[in-house]
Amino acid sequence: MGVYILKRVGSVIPILLLAILLLTAMIHLSPVDPAEAYLSAAHIQPTEEVLAQKRAEFGLDQSFLTQYVTTVARLARFDFGTSYVSGKPVLDEVILRLPATLQLATTSLFLAIIVSIPLGFLAGIRKNGFFDHLSRVIAFIGASIPSFWLGYLLIFFFAVQLDLLPVGGIGSPSHVILPAITLALPLIALYTRLLRTSVIETMREPYVQFARTRGIRETVILGKHVLRVAIPPMITGLGMNLGKLLTGTIIVETVFSWPGFGRYFIEAIFDRDMPIIQGYVFLAALLFIGSSLLVDLLQLAIDPRIARKGGNRR
Amino acid sequence: MKPVLSVEHLTIETIADGQPLVQNISFQLAAGQITGLVGESGCGKTVTSLALLRLLDEKVIRQSGRILLDATDLMTLSDRTLRRVRGGQIAFIMQNPMSAFTPVFTIGHQLMETIRTHDQCSKREAKERAIEALLEVNLEQPDRILKAYPFELSGGMLQRVMIALAVCLRPHVLIADEPTTALDVYNQKLVLYYLEKVRATYDTAILLISHDLSVIAEMADHVLVMREGEIVEQADVFDLFDRPQHPYTRRLLEQHGLQAGGMNA
Amino acid sequence: MNVPLGRPRLLDRLSNQRLILIGCSVFLGLLFLAALAAPWLAPHDPYLVNLAVKLQDPSWTYPLGTDHLGRCTLSRLLYGARVSLGFAVLIFASSLLIGLLIGTLAGYIGGWVDQLLMRFCDGVMAFPSLILVLGLVGIFGPGLKQVIIALMLVQWVYYARMFRGLVMTLKEKNFIAAARVNGSSHWKIFRMHLLPNILPPLLVIGTLEMGWAIMDISAMSFLGLGVQSPGAEWGAMIHEGKSYIRTNPELMIYPGVMIMLVIASFNLLGESLSERFGMNK
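Protein chains in written order, with the working numbering: chain L, 463 to 776; chain H, -9 to 255; chain C, 14 to 294.
So that you can see chain L by itself, here it is in the shape it has in the complex (with noise of 0.2 Å):
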């Protein structure tokens, strides 16, 4: 098993690099030059003095190779260079921020799976029943509504109209229910449907008929045998769809004012600052890649079948 792990581990550096060959890539072909974006953003003047100093500061004036190495070689140190903007350290900036970002992202995933875990358990059990027509309305609104929208509307509602909870900013407990709602809706969507699925493929399992001829009760049947077989493949979609809640926090961020690592992203690409939108983009890579080798490994621990025959699944 110690050796399906490493190899696991190990297959993320290739993508890593590949990933960042096409960012160096995408900024080398861009007809921004990052030393005129710095100049505008830092508000000072750019006469080709500077220009030039800037670009040999930055390595552009070097072939594409060593500007990928060198990029390497920098994010490997997470070195991400520091903001056209602030002046301060990218790292630093993002560490201020993610803070918020990491709250939210929790609250709405927690949310997403205390609610999606009955509703398609209760919808997979009965299919064509209440449930089941209940997690099929929420999951067509989820994957249909603009979640920007949809702040808006809960915005609406409950802060304008009824003054039950605040527009936005962060603060107290309450500033952080109605963004969790808008960012977990689509999720829920998701996690629902795809729960329901796996309890209604495991239903049709002969074991839990066998377990019915040995007496045991149905709720237990359902409750433990069918929901610890069925929910390993909904943890795996959750995992697989974790861009969904990224994308999600960089809207709900800049609706509710939430001052997460998102909205900053929106404000940096506003201010051109590059080395902010570089590192958000290396840390989106990284947290997908990071996310479903994490994915892989929670399998493992899930499923002892995995483990016990060191990575070959049934």
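In case anyone wonders, no lab produced these hints; they're calculated from the structure.
Every residue gets a Cβ at the ideal spot worked out from N, C-alpha and C, and that includes glycine.
Treat the hints with care, as some may be off.
Chain C regions said to be covered by chain L (calculated; three or more residues, Cβ under 8 Å) [to be verified]: (1) 144 to 150; (2) 164 to 174; (3) 225 to 234.
Simulated crosslink set (DSS-like; lysine-lysine; CA at most 25 Å straight-line) [said to hold, decoys possible]: (4) Lys187/H / Lys117/H; (5) Lys706/L / Lys184/C; (6) Lys137/H / Lys686/L; (7) Lys589/L / Lys516/L; (8) Lys550/L / Lys516/L; (9) Lys686/L / Lys113/H; (10) Lys(-8)/H / Lys137/H; (11) Lys589/L / Lys137/H; (12) Lys686/L / Lys117/H.
Since the structure of chain L is already known, use the hints to place chains H and C on it.
What follows is chains H and C alone, placed relative to chain L:
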């Protein structure tokens, strides 16, 4: 000999279009006797066995007739009482042992779960009973087996675990649905041996379902021949093989290369 | 239970499905027509600013009222449809072509070229489209043109995979050769063999992708990175309308409803099509 299980006029049909799956069958299972149920696939053997435990989806099929276990008609029982019958008084052995147990729980967990569902006892007691039962079917290192997951055991071992489970609860009736089909010759012999042992030790009435006539010939005392939902012939095993009455029975014997009178050869 | 289920349920589902297919197609078709005919349908110039009539309620002159700059909301919605639907089709067509080229190339050549291209596609597919678009826009600068190009670059991978799969099965099955031996013309081969294999997944992926494109275009415009004022686009309208959420929430509600209806129709259509073509598990 008073029958342990008496099936009277059992009829099963689909509610949607009234198509009969099992038509008006009647038979009895006596204590300590092995009754074989033969027929080609699709004749209704498995449907019958599930019906005895009332495990068919009653929203989709309609089941009528009487199923008398000792003096109680199973058709009249509530779900909760039926549950105690399943496993506790009528045990079931599935065709495919590899998919009989939930893959994410250990064998021990599932054995003890069954035991504790039927009898109030502590975890330790349940574990002891489980180990005892495993030893009865000569499964070595029962401790290791209890800790194992289903995918770690072979088909033959799992089949024996199922028999052990059946033994644990001392049921009156044991239904074995094609217990040998998924196994190799060696394990087939083992399974049949332990089935016979159960019969002999606990006087259990066994309903042995199989499409394999040689298994029936070897094990059964009494045989039921089923075709398209009906029992076309039932007889003592020797009579059936020596003097098959119904043309279908004769055809079955011929197909299996067993001539009438073969037992006397 | 190994007992057959009743028949009636299946028929129910089939007729429901047909209803959905027809309903969505009709709705989207009408919308397309409305978008095309916008210059004639719209009661006013969507860009005409007239502060004297700003923030008015619906009336005969302005069927859906006016926004904060006195522009007719209905006209802006109609022109917004032109942007969303028009570009969705453009993105569909161009990414289809690119995907066709690259997918066929990968499938035909095979070997390491194929492996490389497919790995690349896997990588792109792993990212949600919005992040990639944002990244590209971040590097190349904001603007509608950049957003459209970014979406094109992101969507072709799905079509590439599809065409590659097709080419590979064709290569193996050799039935083009067999058909030629039979004397079938090129056109017949195309119609009988290729189309039935390519049309279903194409339609399904196409409808779903168009829904996504519209979602992304409006999201980018909402963020201020796509269509910029004074452009009429649903996402941009929400961006502008949000400041008036207390007094005139309808400024934000109308465009949102449009976005949702359109995406929902595409989603429903795609799902029904995939069910109809038997592509579901």
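Task: Hints the structure fails to honour - done: 2, 5, 7, 10, 11
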